[in-house]
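Engineer: Listed below are the residues making up each chain.
Protein chains: 2
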Amino acid sequence: MIDKLAINTLKINSISAINEANSGHPGIALGAATMMHTLFSKHLNFDPKNPKWINRDRFILSAGHGSALLYSQLRLLGLISKSELKKFRKFNSITAGHPEYNLNKGIESTTGPLGQGLGMAVGLALAEESLRAKFKEINHYVYVICSDGDLQEGISYETLSFAGKNNLSKLIIMHDSNDCQLDTSTNLITNENLKLRMKSIGFEYILVKKNTVKAIDEAIIKAKKSNKPSFIEIKTIIGHGSSKQGTSEVHGKPLGDDIENVKKTLNWNRDGYYIPKKVISLYEKTILKRSREAFNKFKPSKELNEYLKNKPIKIEIEIEKNIATRASSGEVIKYLNKNRNNWIGGSADLSSSTKAIGGDGIFNINNKKGRHILFGVREFGMGAIANGMALHSNLKPFVSTFFVFSDYMKPAIRLASIMKLPITYVFTHDSIYVGEDGPTHEPIEQLAMLRSVPNLNVLRPSDEKEVKAAYEIAYNSKLNPTAIILTRQNIISLNETSKNKMKKGYYNLIKNNSKWTLVSSGSELANSLKIGKELNLNVVSISNFNGNITWDVSKAISIEAATTYGMNRFAKYNIGINSFGESGPGEKIYKHFKLDKESLKKRILKIIK
Amino acid sequence: MIDKLAINTLKINSISAINEANSGHPGIALGAATMMHTLFSKHLNFDPKNPKWINRDRFILSAGHGSALLYSQLRLLGLISKSELKKFRKFNSITAGHPEYNLNKGIESTTGPLGQGLGMAVGLALAEESLRAKFKEINHYVYVICSDGDLQEGISYETLSFAGKNNLSKLIIMHDSNDCQLDTSTNLITNENLKLRMKSIGFEYILVKKNTVKAIDEAIIKAKKSNKPSFIEIKTIIGHGSSKQGTSEVHGKPLGDDIENVKKTLNWNRDGYYIPKKVISLYEKTILKRSREAFNKFKPSKELNEYLKNKPIKIEIEIEKNIATRASSGEVIKYLNKNRNNWIGGSADLSSSTKAIGGDGIFNINNKKGRHILFGVREFGMGAIANGMALHSNLKPFVSTFFVFSDYMKPAIRLASIMKLPITYVFTHDSIYVGEDGPTHEPIEQLAMLRSVPNLNVLRPSDEKEVKAAYEIAYNSKLNPTAIILTRQNIISLNETSKNKMKKGYYNLIKNNSKWTLVSSGSELANSLKIGKELNLNVVSISNFNGNITWDVSKAISIEAATTYGMNRFAKYNIGINSFGESGPGEKIYKHFKLDKESLKKRILKIIK
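Top to bottom, those sequences are chains A and B.
Heads up: the first sequence begins at 1 in my numbering, then just goes up one per residue.
Heads up: the second sequence begins at 1001 in my numbering, then just goes up one per residue.
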C-alpha cells in the first residue's frame, strides 16, 4: 500500500515534470517506477548526505531518457528540490534532458546514448572487484536499469560478455522489458531469446513476470546471492495508465491531457508535484536509515585513505633514445604501474603491439589485484568500461588499441569528454607508416576527429621526452581525458624537445629571425627540425595540441602524416595526406606521400621561394 | 588425397608469400585452408571469367588478415598471377595487406577492421532476399569466414541478431574457431557458449569438430538446407604444422625458417609457389565447371536488366517552404521510393523522427519486397549492412539516425569511403537546436569528423532546394558515399539558394563589392543571408562541402552551429561552438550560443569594424 503510494508519487511527479517541460519520455517513467522504487527502498545503499562515499552502491540509469523518473526519485531522497524538478529540461537546470554526471546530486553518470550505461556499469563493477581485492572494506553492488534499445546496441554484447567472463557478480541489471521501442514494437526488431542470450555469456538470468515490488524484490535478493552477474528481465507496460499504454506512441512525447487518465487510474487527487508525508517517511525508514548506518559503520583503512589521495606524478626515468614512441610509452606505463596503484588498464587484444600492459599481472578471478585488463576485441566496450572505472572513485584507467580503431571507440571518448573523466587513451600505429596492413589500418582523419572533440587533450609526442610529458599531462589531469598518439616505427630523438615545454602546449624548437615557421608533431617533427636547421626556419612542436599561436600563420607550413583538415588555423600552407593510405612497407609509403626528408625539403622550398 | 594436395598448395603458397613480404598472418592461412578449399571446390558458385555476374555466390573473408589465403585461392582460379602473389603486401600491388574490394580480381569487399565483414555479409544476404523477391532468377548464397576476433566485436551481435530476426537463410558463416587470438588464448577473453549464443538469436548452429573436407562439406550441406541463417563453428589449429602451432605467436608474424617444419609436415618438396597440375584440374572440374554452367543457364529477365541500369535521378517535386530540412528530406525519400526500385533503406529505430522511410512497406518475412528496413537500435550494424547491400549490385541504400550518433557508425562510414560505395547517410537533428535532449544528443564535432573523411560527400542543406540538390548528388553518385545533414527544427526558405548551383559546390548567395564574405551552411545560412543583406556583405553557401574557394579568406567569417575546427580554411574569423551543448529549449540554446540573428549581427559587426 505504502509502496504503491511511493510508486504513484514517482510516476505523477515524473509525468508532471515532462508535461511542464513539454518534452520528455513518459513511457519509461510509468513503466519502470516500480523497479526504481523497489531498488531504492529495499536495496540501494546510498546516503544522500554523503553522495560521494566510496562504498555506496552505484545506480546507473542506462536508459537515460528516463531522467524524469530518476530526478523524481532523487527528490524523494531530498537531493533535488521541487523547483529543480519543475525546471526539468529547461535551460540552465540540473534536471537536464538526460542525466548529467553530478555526484552531489546523486547522478552517478551521464547517460542517454544507448548501451553505454551498461558498459559504464560493467566498469564500475570491475572497479569494485579490483578495489575489494585490495581493500577489504570495499563491498558494494552496481545496479542498472536498461531498456530494449540498450540491449540492441552491440556494446551491450561486448561489455556483458566481458562481465560474464570476469564474473562481476556485484553487477545487477534490471531490464525494463516493455516490448516497445521508439519506432515500433520490439518483436519487429528482434526475435532473440534473452534467457539463452544471457546464459550464453555467463549471466544469471531471472524473469519477473509480474511488475510488483514483491516479485522484483525477490529477484534482486536472488541476484545478490548469485556468484555471477545478474540480468533481471522485468515485464512492464510502457506508459502504464495512459490511454496509449503499451504502444510506441507513449515513449517520447509528453502526455498532455492524457495525464488525467493516469491520475484517475492511480487515484491521484493532488497536485502533480505533491509528495505524501508517508512516502517521505517510508524512505527515511528504509534507504536513508540503512545507508546512514552503513556509512557510519564504514571504517576506511590507512591503505584506502592512501589510495584516495590524488598524488600527481613526475615521470623520472631514463628511456632509450630513437625507439618507437609506443616503446617509450610502454616504459612509462611500467613506471606508472610501479608507482601508482590507481593506474589500471590494458588493451583490446593488442597489448603485444601497443605495449600497454597494466601492473600486477592479468586481472582474473584468481588474481583480482591484477591491473592488466584483457578487454578482448571490444574497443567500444573498452572505452565505456574505462568510463565506468573512472566514475568509481580515484582510479586512473588507461586503454589501448591501434589509432585507426579509435573510430570504434568514438562514442565512449565523447562521453568521457562530456563528463571530463581523466582517462588515458594509448593509441599506437599512428600513421601511414604502419605500412603493410594498408588503408584500413592507417589513420588519416583520426587526428582531426579527436582534436575536434571538446575537453579532450590530444598529444602526439615526437620522442621519449615528449612521451614522458604526455603521460604527466594525462595522469595528472583531473578534468580531461587524454589521447596519446604513438608511432609503431622508430623515431629520431631530438635535442631540442623538452618535457617541460611540451607540458605547457605548443613550443618553439628553433626560434630565429626567419619569417617562416614549420609547425609539426610526432614522427614528422624530426624531419621538420632537420630541414628547419638547414634552411634557417623557425620550428614549432604542436605535439601538445594546446596553447596560443605566437607565430605568423600566413608564413607557416604545417607538416603531419595525417589529414590537413583543421591545419589552416596553424599554417597557411599544409603538408599532409588527404586520401586514404596504401599497403606496402612503411618507409615506402612515407616516401610515396612525399613525407621523407628529401621530398619534404623540396616541397618546403617550393612554398617559401 | 587430391583435396589434401589442394589444401597444402593453398597453405604453402600463403606462407611463402608471407615470408617473402616479411609481413602477414600465417596462423589463419594454415588453420583455415581446409574450409576455404571445401567451400570453393564443393559449393561456391563463382565464375572467374564473369566475376561481376549478379547471381554469383558471395564470399567475404571477414577475418581480412587471412588475405594471403584468399589470394592463394584466387590464384588457383586464375584470377591472381604468381607474380602478383609474390608482390604480397608490397607497394602498388593488388595483393594488399588486407583484401581490397576489387571485383575483377574476385575480391568482394575490403575487410580487416574486425566484425565489419560479418555485417557486410548480412547486408549482402539482405540484398539477395530483397532482389530474389522481385526477380525470381536471383538465388545465391553468401558465405563468410570469420575469426574469434570478429565475434567479440559488438557489431557481430548487432548484425547477426538482425540476420536471425529477418531469417536471412542464405547466409552461411564459417567460424575459424582456433581458441587463439592476437594477445592470448581466447578462453582468457570469453567464456561464452557459442551454441547458445547463436541459438538465442535464431541461427542454425553446427559444430564441426574435425577439420576435414568431409565434415565441413556435410556442415555446409546442412546449412544450405536450413531455413535459418547458419553458423558453422569449425575447430581448427592456428598455424597448423608450424613449431608454434596452437599459440598466439603464430597469429601475425611470418614463419621465417619455421616454414621448413610446415613443408615437412605436409610432405612438400617443391618450390613455395608451386601449383600441382592436379590441383588446377580439380578446380576446373569443380568450381569452374559448376559455375560456368550456372552462369550459362542464367537468363536475366527484362525487369532485372531494367534494375541493372543505373539511371540518374532528377528530383522534380514541389516541397512546402520553411519546413525542417528533415521534413523536406522525407518528401524526397518518398519521391525516390516511387521512382527508383533500387532505393532501399531505413533507420536505427528513429524513422518517426528522421522521416527516413523506405518504400513498399516494412521488409519482413511476409513482405520481402518491402524496402523499409527496420535496423533496430544498431547504428554501426546498420552502416555495415548498408555497405553489404551496396556491394551486392546496383542497390542504393540509405540509412538514418540522429547526427550525433554518426559517432557509432564511423567505422562503417570509413569503410564505405575506402570502397567508394554510393551510400546515403541521412543524419537529422543536426545541431544544438535539438535542445532539450541535451549535450549527449547535440552534435558539435561531427561535421568536422565527417568532413575530414576522404571520399565522403558532406552536405548540409539550408532549405528544400538544397535538400533536393543533396539527394541528386547522393543518388547519382557512383564513387562516393554521401552524408546529408538535416535540421530537426523548421528553417527559413531562401530565394537566393539554388539547386543547380548547390550541386556544383560552394556558391554565392550574394556577390557584391564588399571586401567581406560570410560563409555558412544549413540552418545558419538564413541569418547569414539576412545580415549579409543588411550590411551589404557577400554571402557564400558551403552547404555542399566541395569546390574552390573564390573569396578572400582573410576577410571572411564562417558561421555554423558546430565546431569551428577546420573552418580556418574558409575564413579567418570563425563563429561556431567549441564546447559541448546544453539542455533546454532549442531556441534558447541557440541564443545562449549567440547564434540568433541579433547576437550574430553584433558579433559580425565587431569583426568587420
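Be aware that one or more of the hints could be misleading.
Unchecked claim - Listed next, the in silico PhoX-like pairs over lysine-lysine satisfying Cα-Cα at most 25 angstroms (straight line): (1) B/K1609 - A/K572; (2) A/K4 - A/K228; (3) A/K515 - B/K1555.
Derived by calculation from the structure, the hints in this document are not laboratory data.
Engineer: Now look at each hint and say whether the structure bears it out.
Structural biologist: To see whether the hints hold, each was checked on the structure:
Restraint check for B/K1609 and A/K572: satisfied, since their Cα atoms lie roughly 24 angstroms apart, inside the 25 angstroms limit. For the given pair, A/K4 sits about 31 angstroms from A/K228 by alpha-carbon distance, which is inconsistent with the 25 angstroms threshold. Taken as a hint, the A/K515 and B/K1555 pair is honoured in the structure, with Cα atoms around 22 angstroms apart against an allowance of 25 angstroms.
Figure legend: structure checked against the earlier numbered hints; the only hint not met is number 2.
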